[in-house]
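Number of protein chains: 2
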Amino acid sequence: MVDRIKFLLDENDIPRTWYNLAADIPDLHPPLNPATGEPVTRDDMAHTMPEQIIEQELSLERELAIPEPVRQIYAQWRPSPLVRARRLERALGTPARIYYKYEGNSPTGSHKPNTAVAQLYYNHLAGKRGVVTETGAGQWGSAVAQSAALFDMTAKIYMVKVSFTQKPYRRGFMEVFGGECVPSPSTETAAGRAVLAADPDSPGSLGIATSEALEAHAADPTLGYVVGSAANHVLAHQTVIGQEALRQFELADDYPDLVIGCAGGGSNLAGLSFPFLGAKLRGGRDVRVIGVEPAACPTLTRGRIAYDFADSAGLSPLFRMHTLGHGFVPPAFHAGGLRAHGMGQLVSRAVEDGLMEAVAVTQRRCFEAGVRFARAEGILPAPESTHAIVVAMEEALRCREEGTSRVILFGLSGHGHFDLTAYEKYFADALDDDVLSDEQIAAALATIPAELPAGAAR
Amino acid sequence: MVDRIKFLLDENDIPRTWYNLAADIPDLHPPLNPATGEPVTRDDMAHTMPEQIIEQELSLERELAIPEPVRQIYAQWRPSPLVRARRLERALGTPARIYYKYEGNSPTGSHKPNTAVAQLYYNHLAGKRGVVTETGAGQWGSAVAQSAALFDMTAKIYMVKVSFTQKPYRRGFMEVFGGECVPSPSTETAAGRAVLAADPDSPGSLGIATSEALEAHAADPTLGYVVGSAANHVLAHQTVIGQEALRQFELADDYPDLVIGCAGGGSNLAGLSFPFLGAKLRGGRDVRVIGVEPAACPTLTRGRIAYDFADSAGLSPLFRMHTLGHGFVPPAFHAGGLRAHGMGQLVSRAVEDGLMEAVAVTQRRCFEAGVRFARAEGILPAPESTHAIVVAMEEALRCREEGTSRVILFGLSGHGHFDLTAYEKYFADALDDDVLSDEQIAAALATIPAELPAGAAR
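Protein sequence lines, in the order shown, are assigned to chains X and U.
Numbering of the first sequence is given in this note's numbering, commencing with residue 1 and proceeding in unit increments.
Numbering of the second sequence is given in this note's numbering, commencing with residue 1 and proceeding in unit increments.
The following block holds chain X by itself, in its conformation from the complex:
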């Protein structure tokens, strides 16, 4: 082949450790117990998660060992391909070299199984008979159902109602794997009933679904609780993506100037970029990282850095992060995986420290870029992934204008096979470009706890 387009690795090249950025960030602000204001302890977390996950969540070690049974399951689809987007480059007429790391060949079509498999494995070891969780677009719920099936465990998934309605096949997909999918807010929990009492037509939010899942979990000690994004251990699990990409760039004899990922809770962005940031922090090459979020849920670009809850009902610890306020319910746009009010604390800190930039984009631009990408590269991208695509394409066009060649890497976090309703609406010109008013943002930010609990050490 003259023009190599795909950079594969052998299954022996699957990373043996997850990379933990926390080891390379000084003075992290600990999550706080909202009752005491003190940093969350292992004991505080013990009722929620298996001890191995708690260790990872609180760890300041750089390398976290990947259990061999997890690597064995990874081997079914990992290492994922790094693809040189030569046809897209030609279509854009750019001198830039564009690469994407494609996670859509995983069993459920997104990056989510990278952490679902690990979390289900640890919960299986801990003797749980099943797990409960929340999901936005359904990518996480699908991964949980699929991973649970591998360990012969049950999975109950509270799915944000607007996405449940937009993506009817997601529920069926989870059911094939034995998962139970409930639209949230539901009448099954006090948290859900409270939301429905105030607004029977609530579209739901990831915060509400999280409250429901935490409540359901607290009611049944035989069930574990698993989380799809934002948490330190989740971000670490996803670093198999970026670690593989680093090795694949060696094969390509190239290196990215720019790493771009879409950002909801931050796990896909972190998974791709943290290994590159870690290399830079330890004296390696400089790299620019851009997180791309929806203008209708602008956590990084219009949120505030503050201690806030991860869920709407205030059941979680307090995390110091970019947040729009745990009471924020985003508009019903189609990148359901990016509808989180708060960002993972390590991603927030990377932005705060200037290691990462953030931009917000409106959804029609994203779908336009997604269609253009599909026609050039032949892959239908998930609406979430189109957020990375639009910025990658704009940076490539900037290279054309400037007559400079840069190397652009973006995360193609998943395929859009379950999102065709959204594409149909795009073609029918029936999509809104929701941009929040200053008043809406202010109202959302007002739901951030005004004061920390007594005794809180900032």
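There may be inaccurate statements among the hints.
Below, a list of computed lysine-lysine pairs in the DSSO-like style, where the Cα atoms sit at most 30 Å apart [claimed, not checked]:
#, chain 1, residue 1, chain 2, residue 2
1, X, 280, X, 6
2, U, 6, X, 6
3, U, 6, U, 280
4, X, 425, U, 425
Chain U residues, not near chain X, derived (Cβ > 10 Å throughout) [unchecked claim]:
#, residue
5, 150
6, 199
7, 202
8, 253
9, 332
10, 424
11, 448
Which residues of chain U face chain X? A few of them, derived with a C-beta cut under 7 Å, are [said to hold, decoys possible]:
#, residue
12, 107
13, 450
14, 452
Rather than coming from a laboratory, the hints here were simulated on the basis of the structure.
Just so you know, these numbers come straight off a predicted model, no measurement behind them.
C-beta: ideal position from N, C-alpha, C; glycine also.
Chain X is already provided as a structure; the job is to place chain U on it using the hints.
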């Protein structure tokens, strides 16, 4: 890794030629021109297909060169993985070693792009501005739309109406890539209008959609006609699957005793099995090959070997094949890709010569096996592919009973992301197990031309 589960090849290992079984089968019966009864000539075909495809269709050469631009496009997803189904083996408690060759990581999720890319490439070279075709379940139509986008060509696709209704996302998928998808029978063609006049509620058939596509193609010389299965060149294009599998079994230090594929027009079955049959015919190891078809469209098991048309209106040449009669309209079962009344002539001949066996299965057994496979291996299979899975599992269970270990290879021709309506019906116990009565079969067979045209040399 102790237990290797995936056998990958490098993109340099993509085959450089397609294998043509016709070279190893003596005394093939030629397709006939229905007007003259004489064997179809290059001139007869010239208005339908580019000369390179005609050469391949009529070729008796064993190796057909794959153009480098086609290999370049293949490189995006090929070589496809050969996977050892260790978790399924454990779930079945079988001493058999089960492997599957997975084509679901192609850009459209099935094996169809293997030939779509090649056919669009040749039509592009021939100066066509676009193509027209028919599709059953939509896998072929999706591949045509996607490949057409790569060459900046238009694609018009007549989709069998029952599948169009069952799989609404397929149309959206084609539209993302710029394809136009029309439910068939349509009012756009004389063939479609004739069917609708006789039965306004006709569910359509592949034969009817083929008539519509051929008619639309004949009306516009700037459009090429491309075909998704059955034809010799299509079967040859698909042999990249089996050729790769042969090399991957070398890596696995193993060899299949049994090769199993689902059979509609035969391209997936042929693509996987012909290279193994070719090796056997040239003195290599023996191998048992089983084609699995739906009991509701039992072409190989209850059809007749005869000259018949490929389409319902009699616009195509006459092919000597297993056929249920070109007037046959199968029940509305969910493996839409297997609803063809006639089998590819090379597959028919392989069955006639005892190189291949055929079995028919009912759809509920298929879905049951598909769900079991999904929960063990983590991949949601297409309804078509479940036909191969059910027989592979039964053969593995037979190994358990007999206490013998055999090596079973089956083709996992695609994923079922667009088929969740069918799975939901399966779970709701709302699927029928259509088995055709002898009267229905007799009525269908009566539509086979009773006599060959004058001058036909059998």
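Looking at the structure, which of the earlier hints fail to hold? 5, 10, 13 and 14
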